[in-house]
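Asker: Once you've looked at the hints, go ahead and assemble the two chains, each given alone in its own frame, into the complex.
Residues per chain, in single letters:
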Amino acid sequence: MRLEVKKLLKSYGSVNVLKGVDLQVEAGKVLAFLGANGAGKSTLLNCISGAQDADAGDVLVDGHSLRGASPRQVQDFGVAIIYQHFQVFEGLSVAENIFLGHEIKRGARLDRLAQNTEALIMLKRLGVENIDPNADLKTLGVGARKVVEIARALRLRPKFLILDEPTASLSDKEAKALHDVIRQAVKKDGIGVIYVTHFLDEIHKIADDITILRDGRILWTRSADTVTIANMTAAISPDALMNQVRHSCVAADSPQVLGLKQLTTGFVGPINVALKAGEVLGIYGLMGAGRTELLECLAGAVDQDAGEMLLHGEICNFHSPRDALAKGVAFVASDRKEQSLFSSLSAVDNLMIPHLGCTPMPSWYRSFSREKAGFERAARKLNIQPPNPSLHGQRFSGGNAQKIMVSRWLIEGANIKLLLLDEPTQGVDIGARHELYEALATVKNEGAALIVASSDATEICLLADKVMVLGRGQQVALIDNPQNAELLIELAHKAEHGTQPAGSDELQTNQMVQSL
Amino acid sequence: MTENNLETPAENIVNQENSTAQQRDWFELIVAATLPVSIGALALFFYLNVPVFMTLNNWISISVQVSTVMTIAIPFALLLMAGKIDLSVGSTLALCGVVAGMSFEPLGITGAIILTLVVGTSVGLINGVLVSAVGMSPIIVTLGALTLIRGIAQWLAPNPVFGFPEEFLVIGYERILGLPMLTWIMLIVISIGIIAMVLLPIGPQIIALGVNKRAAFLVGLRVKAIGISLYAVTGFFVAVAALMSISRINSAPSGTLGIGVELSVLTAVLLAGVPFAGGKGSIVRVVLGVWLLGMLSNGLILMNVPTELSLMITGLVLIVAAGLDVLRNKRS
Numbered sequence: 001m002r003l004e005v006k007k008l009l010k011s012y013g014s015v016n017v018l019k020g021v022d023l024q025v026e027a028g029k030v031l032a033f034l035g036a037n038g039a040g041k042s043t044l045l046n047c048i049s050g051a052q053d054a055d056a057g058d059v060l061v062d063g064h065s066l067r068g069a070s071p072r073q074v075q076d077f078g079v080a081i082i083y084q085h086f087q088v089f090e091g092l093s094v095a096e097n098i099f100l101g102h103e104i105k106r107g108a109r110l111d112r113l114a115q116n117t118e119a120l121i122m123l124k125r126l127g128v129e130n131i132d133p134n135a136d137l138k139t140l141g142v143g144a145r146k147v148v149e150i151a152r153a154l155r156l157r158p159k160f161l162i163l164d165e166p167t168a169s170l171s172d173k174e175a176k177a178l179h180d181v182i183r184q185a186v187k188k189d190g191i192g193v194i195y196v197t198h199f200l201d202e203i204h205k206i207a208d209d210i211t212i213l214r215d216g217r218i219l220w221t222r223s224a225d226t227v228t229i230a231n232m233t234a235a236i237s238p239d240a241l242m243n244q245v246r247h248s249c250v251a252a253d254s255p256q257v258l259g260l261k262q263l264t265t266g267f268v269g270p271i272n273v274a275l276k277a278g279e280v281l282g283i284y285g286l287m288g289a290g291r292t293e294l295l296e297c298l299a300g301a302v303d304q305d306a307g308e309m310l311l312h313g314e315i316c317n318f319h320s321p322r323d324a325l326a327k328g329v330a331f332v333a334s335d336r337k338e339q340s341l342f343s344s345l346s347a348v349d350n351l352m353i354p355h356l357g358c359t360p361m362p363s364w365y366r367s368f369s370r371e372k373a374g375f376e377r378a379a380r381k382l383n384i385q386p387p388n389p390s391l392h393g394q395r396f397s398g399g400n401a402q403k404i405m406v407s408r409w410l411i412e413g414a415n416i417k418l419l420l421l422d423e424p425t426q427g428v429d430i431g432a433r434h435e436l437y438e439a440l441a442t443v444k445n446e447g448a449a450l451i452v453a454s455s456d457a458t459e460i461c462l463l464a465d466k467v468m469v470l471g472r473g474q475q476v477a478l479i480d481n482p483q484n485a486e487l488l489i490e491l492a493h494k495a496e497h498g499t500q501p502a503g504s505d506e507l508q509t510n511q512m513v514q515s516l
Numbered sequence: 001m002t003e004n005n006l007e008t009p010a011e012n013i014v015n016q017e018n019s020t021a022q023q024r025d026w027f028e029l030i031v032a033a034t035l036p037v038s039i040g041a042l043a044l045f046f047y048l049n050v051p052v053f054m055t056l057n058n059w060i061s062i063s064v065q066v067s068t069v070m071t072i073a074i075p076f077a078l079l080l081m082a083g084k085i086d087l088s089v090g091s092t093l094a095l096c097g098v099v100a101g102m103s104f105e106p107l108g109i110t111g112a113i114i115l116t117l118v119v120g121t122s123v124g125l126i127n128g129v130l131v132s133a134v135g136m137s138p139i140i141v142t143l144g145a146l147t148l149i150r151g152i153a154q155w156l157a158p159n160p161v162f163g164f165p166e167e168f169l170v171i172g173y174e175r176i177l178g179l180p181m182l183t184w185i186m187l188i189v190i191s192i193g194i195i196a197m198v199l200l201p202i203g204p205q206i207i208a209l210g211v212n213k214r215a216a217f218l219v220g221l222r223v224k225a226i227g228i229s230l231y232a233v234t235g236f237f238v239a240v241a242a243l244m245s246i247s248r249i250n251s252a253p254s255g256t257l258g259i260g261v262e263l264s265v266l267t268a269v270l271l272a273g274v275p276f277a278g279g280k281g282s283i284v285r286v287v288l289g290v291w292l293l294g295m296l297s298n299g300l301i302l303m304n305v306p307t308e309l310s311l312m313i314t315g316l317v318l319i320v321a322a323g324l325d326v327l328r329n330k331r332s
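If you read the sequences in order, they're chains W and F.
FYI, this note's numbering numbers position 40 of the first sequence as 40, with every residue one higher than the one before it.
FYI, this note's numbering numbers position 227 of the second sequence as 227, with every residue one higher than the one before it.
Chain F extracted, bound-state conformation (with noise of 0.2 Å):
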């Protein structure tokens, strides 16, 4: 007797569910739709008022540009999708910087490059430990290894180490297939990141930590390993990110390099739309929200705009984005 009295009415609504999710998923589409869009647009002004940004060289020196903090804000997507944070990138780059240029005489290239993805795994080994298997707050932990690390890397060089052999300073400005090799270690991060999220078990893994640390464990999942190991795997690749910078500028200064790092990263992964608490994310739209970043100092710079508008702009992008997030949120 219930069974009949629930069916007719039931279809109804299924129907109307449908049609309601057809509507969302417009919205989802055109939400979707405004970062390569913005980028679009953003490319035209520039183009319109700089001719020049519209070349291939110009666009591949954006790549260049993009690339060391690309390389880093990858790991840290996924980091910040599971739910945790490491403010403590911009210090460890300069420590893998310095340990690197300080090794290349003793150790050799090789050993000099191992070396420094040694120490920066370390490095995001330790954050993670303490993070994941301690239970200390993420930005507690990462805020104090901001500092504290960059304490390290001036102990170890007080002064800018300089003077790179000539065959590491060929990461920096060599070419392979027309594109500066810099821009094809970029690229490979970006694979590793999306193939990471898409197509291996550990993607839906991570997300499912960021939306729910409990429900994650009791799904049976390695909530402490896989936290450990996003660190180390940040760690590792701010290694990389270093190795990528001293060989562009030919020299490892203690005190300046990756100072600010950790915010233009964060700042261009909560731009692609990775909230802050975690729990959801797309790698894609991380690749663009860094060249967006990328692109907009690098067109506000063609256009002789003054450093302080730039900041601004920047700036005022970040709580635009953030706006249209809280919108959508709304929405849905």
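So that you can see chain W by itself, here it is in the shape it has in the complex (with noise of 0.2 Å):
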């Protein structure tokens, strides 16, 4: 029993993404699958799914093609996929989440106690004892709602699973748990599974054989045992794109732009960092490290609780993103579709949404020459596809939306001083991530200082100055110049374990450089 794809090819507009891939899951075992953002994992996995259809190749599950077949007919052909985006629902017991659309009945009853002795059953399999499935969701952790998810996919006995990164948002101990899970599921029922994750460290504890993703095409796959974690981080970054972005040194006299003291907002704090004009500050942190809630509080977007936000100098406590801008500091948000982009609104308007009504554009009119030019060089600029002002936003790939939500602060006469980018490379295709990459270092050339939160440690070391490890909302450590995203990571997971690392000085000494 394989699941197998065959030359699959996908693209959006002007982007391919899938490049004729091939791959192959054997029954009973675990494949890892590795990528840098923007390689396609998501699109493969899409594509394997059902949620889209590629635009050639196959899909086969035992011989049977899923092409063109919905999410609901590629279940019943026994492949399970868990997003990486919790799919649980709290206000519904631990039992009734596992049952969900396929509820045990007696007659036309709901079946509680049924659900539940069989819900107990079904984890006491996957050695799991401490969940009660009568529990509340709501009052499960992280960890044991990755469980849930799993044991709901298990529960239409499905031939092959799809994890999407699982352990995004688990601490080390959970992870651990977790794996014992996967381990256990790949045992008794001889399920094959797909295990796609940022995380390579954990990758020995749980994979037979890796592959790797880059660009769209499948670069190797190899047994596990044979490959160490450095090949592995080789193989994944994109070699064109470390040469392409080199740290340019920033003036060790050259103005401060951005002082922290002891910030706090929320769970997040307290945060000190000090940033200089055309410096570019990473933020690293597990999913749930208080990353975005640290921008958002930069951004305005929510209210600082304590400590200081110095701006050039002056002290700063926005109350809004637009006080935030009149300050010149400017936010790019996670997730264009929820928090950026509007989607039925031209690409000139969305290019110049921010800017209507403000400085560089006239008070209380529109020039709509002016916003045509503006978005002519911003697509010069960048290089948006396609180049046509007047196309609705969600007519844009990922890549090409991204380069548009960007441009916004870029255009001229828009004065930032300081950018705050979240992820922005996800769902951004590698061509699109270099040209990205290019605007943010003109950006910092002209003497902006940029902040860069990413769930990507390689993508950290690529672009920051200094990296920031958050765990649990605390500062973990600072580090300058960094070069070795396992480090970043070993912190990372550190931090949500709950032990303190040493302090910042000495990881600084004991930083590998790895020759890439």
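Keep in mind that the hints are not guaranteed to be accurate.
Claimed, not checked - Lysine-lysine pairs mimicking BS3-like chemistry, simulated, CA-CA at most 27 Å apart:
1) W:K494 <-> W:K466
2) W:K381 <-> W:K337
3) F:K224 <-> F:K280
4) W:K372 <-> W:K327
5) W:K205 <-> W:K173
6) F:K224 <-> W:K327
7) W:K6 <-> W:K29
8) W:K159 <-> W:K176
9) W:K337 <-> F:K280
10) W:K138 <-> W:K29
11) F:K213 <-> W:K337
12) W:K276 <-> F:K213
13) W:K138 <-> W:K124
14) W:K188 <-> W:K327
15) F:K280 <-> W:K372
16) W:K372 <-> F:K213
17) W:K188 <-> W:K29
18) W:K6 <-> W:K159
19) W:K417 <-> F:K213
20) W:K327 <-> F:K213
Calculated from the structure, these hints are not laboratory results.
Answerer: The following block contains the structure:
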């Protein structure tokens, strides 16, 4: 029994995301599936799960083609997928979550008792003893919630299980427990697993084989015991990128743009950091570590609780993103669909919306010629495809839409002093990523400071002049000139675990410089 | 190396993308044409059945008949595009009518008109503050206001107010350059709507608010201020509509004035393709939507179609139009 992907092609508009992917997963094996942001992982998973249809090629389970099947039909073929974002429901019990949509009934009535017993048996089989099937899901931690999702997936007796970054928000301990659960499922039911992850250190604990996806193609597939972490890092990171973006040296006497002193907001803080003009601060941490919360506070979307934020020496306390913008602080939120892109506005409106009626643009009317010129400049600068100002926002590919989102703050006269970016390359193809990085390099050369939060440690190392590692909202380390992605991941995991690592001075000297 | 691999296929796909975009544009064009085409077809149908329908005088009288609904529908459409709604417009119309009717004697015409506009704007402002600043549900707030304000209007004037000064009634029948004053007011309101949506910064800001409030906030828009002003503007134009409507009937019956106006307006705006959840829409289409409904009711009356049948037809038109919209969304 095997799940096979054959010569799969998929493109969005002008961007080829998958360029002929071949992949095999055997039943009873765990395949770790790795790739950088934009390599095409999510697209491949979506093509397998039926959420999207590929342009060409085939997906076969036991010789049956899954092409054109709906997600429901794919499920019936025995392929289950568990997404990174939780799809469990608070207010329902653990058992109700597990049996959602496939309830155990007696006559027409829901048989809660049978569901609870059955759920208990299923959880026991996975080696989990400490989850009460009757408990409300909202009482469960993230690790237990992932287990519930796995139990729900297994309830349909799949032959293959796809896990998309299951440990992204889990502590070390929870991740370990989850690995045990997965191994139990593989051993007892003989299912095949595709395990997608960013954390290279967990791969040897769980995977039999490793496949690397790079730039829409499979780079190689090897047995896990023949591969070292350094091999994987080198293979994942697109070296073309590495050579392109060089850390520019920040002059020692360049003025300080941002200073944070004991800043706290919600569960995040106290944060202490200083940032010079032309400097890029990377913020790294696991899901839920407080990256987004910190950026939102700096952007004025969330209020400061205590401490100080100094911008060019002036104390700032923003109460709305509008306040922040007036002082030259701009924010590119993660999740374009939910937080930044306006699907039914034209490209030029999407680009100009923050500036309509504000400084670079006329204050009470619209200058269509200047707006169009601004769009054309941005389209040239970042290679926005297609460069059509009247095309609706929803018609652009992820990468091109993101270029428009970033261009908002690069237009002439925007006068941005501090640019905040949350996961700037999520859902962005590799070509567009390139162009985004170049645009960011221009911004910093023009004397603005940048803060980039990302869940991708290699990206952070690529972009940042210094990195702040967050764990449970605490600032655990501040590392100058980061080069070792593994170290960041390790620190973040440790922080989530609760142990404080040694002082950051020591960390800098211990840092290994990897030759990539 | 990767660069070269990217180039060639990418170009091919750009061309493909252009051709599918063209197909889509054609489809959009057809969809955009459905409203004017159905107005034309309907006009032709009425003309063939009742030739008197196709006279300038009849079209002018349609314009007078729709003037009140149009004056409310324009700001109402802006609210809906911004993801809000005001169901209280019918009652506010009654309240404004009653207030105007009662204040002609003590305040004089100018004073009464100003007071009416202030009352209308204030009602909108209160709705706006409750919805946009306090954060209550637009439907609940304005549904409550619908009943509450009707009660206030009836309490202020248990019996119809009538007998307005002649100088005021002029609004209802006087013609300027061949067109009734009511038609002129309607045209001014339409122009304001079109200018706001097409030429001013507020246009895309309203749409942005309707598409995604969170994103609009993060990008630095004055989300609350825009919401509150839209309600206040709606209240203002409802007051204008109230003055138009009482000048025509020379009376302000607190119990029946403006009854059901919120539904006629909502029907017209939805017919014009503004989604209930907001986020897009065109003022020109809203004008056509109001016109289509006005023409339909005028034509059916001329054809002596019984009221019950005319109600059924109006309802059916909305459902068919919404069906077309669903079809369009599925296609794109």
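Asker: Work down the list of hints and note, for each, if the structure agrees.
Answerer: Against the structure, the hints come out as follows:
{"no.": "1", "hint": "W:K494 <-> W:K466", "in the structure": "holds (19 Å)"}
{"no.": "2", "hint": "W:K381 <-> W:K337", "in the structure": "holds (23 Å)"}
{"no.": "3", "hint": "F:K224 <-> F:K280", "in the structure": "holds (19 Å)"}
{"no.": "4", "hint": "W:K372 <-> W:K327", "in the structure": "holds (26 Å)"}
{"no.": "5", "hint": "W:K205 <-> W:K173", "in the structure": "holds (13 Å)"}
{"no.": "6", "hint": "F:K224 <-> W:K327", "in the structure": "holds (21 Å)"}
{"no.": "7", "hint": "W:K6 <-> W:K29", "in the structure": "holds (19 Å)"}
{"no.": "8", "hint": "W:K159 <-> W:K176", "in the structure": "holds (23 Å)"}
{"no.": "9", "hint": "W:K337 <-> F:K280", "in the structure": "holds (16 Å)"}
{"no.": "10", "hint": "W:K138 <-> W:K29", "in the structure": "violated (33 Å)"}
{"no.": "11", "hint": "F:K213 <-> W:K337", "in the structure": "holds (12 Å)"}
{"no.": "12", "hint": "W:K276 <-> F:K213", "in the structure": "violated (33 Å)"}
{"no.": "13", "hint": "W:K138 <-> W:K124", "in the structure": "holds (21 Å)"}
{"no.": "14", "hint": "W:K188 <-> W:K327", "in the structure": "violated (60 Å)"}
{"no.": "15", "hint": "F:K280 <-> W:K372", "in the structure": "holds (21 Å)"}
{"no.": "16", "hint": "W:K372 <-> F:K213", "in the structure": "holds (25 Å)"}
{"no.": "17", "hint": "W:K188 <-> W:K29", "in the structure": "holds (12 Å)"}
{"no.": "18", "hint": "W:K6 <-> W:K159", "in the structure": "holds (19 Å)"}
{"no.": "19", "hint": "W:K417 <-> F:K213", "in the structure": "holds (25 Å)"}
{"no.": "20", "hint": "W:K327 <-> F:K213", "in the structure": "holds (22 Å)"}
Going down the numbered hints, you'll see the structure goes against 10, 12, 14, while the others check out.
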